[in-house]
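A.B. asks: The task is simple: from the sequences and hints, build the whole structure.
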Amino acid sequence: MENNQKLVHAFHEALGIDSNLIKDNLTYQSIPEWDSISHMILISQLEEDFNVSIETDDVIDLSSFKKAREILIKLGINF
Amino acid sequence: MLLRDKFCLITGASKGIGKAISEIFAKEGAIIIATGRDLESLNLMVSDLPVYSAPHLVFKMDVTKEEDVLRVFNELSQNKIFIHCIVNNAGIMEDATLQMVKTDLIHKIYNTNVLGTILPSQNAIKHFLRNRCGSIINLSSIIGTKGNLGQSIYGSSKSAIIGFTKSLSKELAPLNIRVNAIAPGFIDTDMIKGMDQKFYEKNLKAIGMRRLGKPEDVAKVALFLASDLSEYVTGQIIGVDGGMII
Ligand SMILES: NC(=O)c1ccc[n+]([C@@H]2O[C@H](COP(=O)([O-])OP(=O)(O)OC[C@H]3O[C@@H](n4cnc5c(N)ncnc54)[C@H](OP(=O)(O)O)[C@@H]3O)[C@@H](O)[C@H]2O)c1
Chain A
62 MENNQKLVHA FHEALGIDSN LIKDNLTYQS IPEWDSISHM ILISQLEEDF
112 NVSIETDDVI DLSSFKKARE ILIKLGINF
Chain B
5 MLLRDKFCLI TGASKGIGKA ISEIFAKEGA IIIATGRDLE SLNLMVSDLP
55 VYSAPHLVFK MDVTKEEDVL RVFNELSQNK IFIHCIVNNA GIMEDATLQM
105 VKTDLIHKIY NTNVLGTILP SQNAIKHFLR NRCGSIINLS SIIGTKGNLG
155 QSIYGSSKSA IIGFTKSLSK ELAPLNIRVN AIAPGFIDTD MIKGMDQKFY
205 EKNLKAIGMR RLGKPEDVAK VALFLASDLS EYVTGQIIGV DGGMII
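From first to last, the protein sequence lines stand for chains A and B.
Using the numbering used here, you'd call the opening residue of the first sequence number 62 and step up by one each time.
Using the numbering used here, you'd call the opening residue of the second sequence number 5 and step up by one each time.
Since the hints were made in silico from the structure, they are not lab data.
One-sided and incomplete, this derived list gives chain B residues near chain A with beta-carbon spacing under 7 angstroms:
id	residue
1	N78
2	S81
3	K130
4	L133
5	R134
6	P178
C-beta atoms are modelled at their ideal positions from N, C-alpha and C, and glycine is treated no differently.
C.D. replies: Given below as structure tokens:
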């Protein structure tokens, strides 16, 4: 699976939403499924799927699908 | 065995209550991750523990140092070790009436007892999410629930643990992560050894069961909270004080 697909899949798994809703403009708390609880599950899912460790500042910063990709790029994942 | 192959991280594991918890958890099959400021005493403690599967681990971790806490949790994750339980046991007690307390001491007590509980808990949550469950056990105190003269700083730091436990338990219950605290009374460890003799005798007389608590008395309750015996218990503060009245 290429990394963009992997990222969509991680969001789909963690938030339990349809993959076609997962676009760059999807933001934290813009839908009921992405609340503070599922945010924690999402972080754990991203860490597991991409084998990275996301620090607290980035956990707070990860406010959209687009931002998630940027943070992963910063952590050395290629897109 | 109640904790077979469960990774349990204990702060301040070198002696006293932390040591007793490590011992009882290891007897129940847990893999202990013993942390503390002094590697030598931790290694000594761990060398006496029974090993049923993977060997126990030891890490130098001062709970007041964020870099120490991050290093330990990152090292564990990098090695694919995800903890099931954390016991925030590290703590210090120094008594003085408020007029006699220097600001440095207030920082020291709060950094160890409060920040030193919050930081490891924050890092442990990600581990628990990987395991889809987890148990946080915090050490409060009867001084935190009832208060005592000469202990406004220590007592309030331990009351903070109660507030932290209750709020965090609500935040984490939907994720199947439990958060509870133990409030020991007067337990026979180094912590009470330096206590003023008059104060010591007064406290002893206040115990209904007429004996000091043993570290093992506290450890047994920690075992209950770490294991599935308490799988529906969260947000509770459990006194272990032999009927002490303050
Ligand atoms: N004993 C009692 O009567 C009693 C009653 C109520 C609550 N409690 C609570 O129970 C917990 C354990 O107390 P205890 O009686 O077992 O005390 P203890 O015998 O003095 O042991 C305290 C432990 O905490 C560690 N520690 C202290 N500061 C630390 C730091 N900054 N980072 C990491 N580890 C640190 C100590 O390690 P070092 O070897 O590095 O100093 C030691 O292992 C404490 O939270 C205490 O407040 C005790």
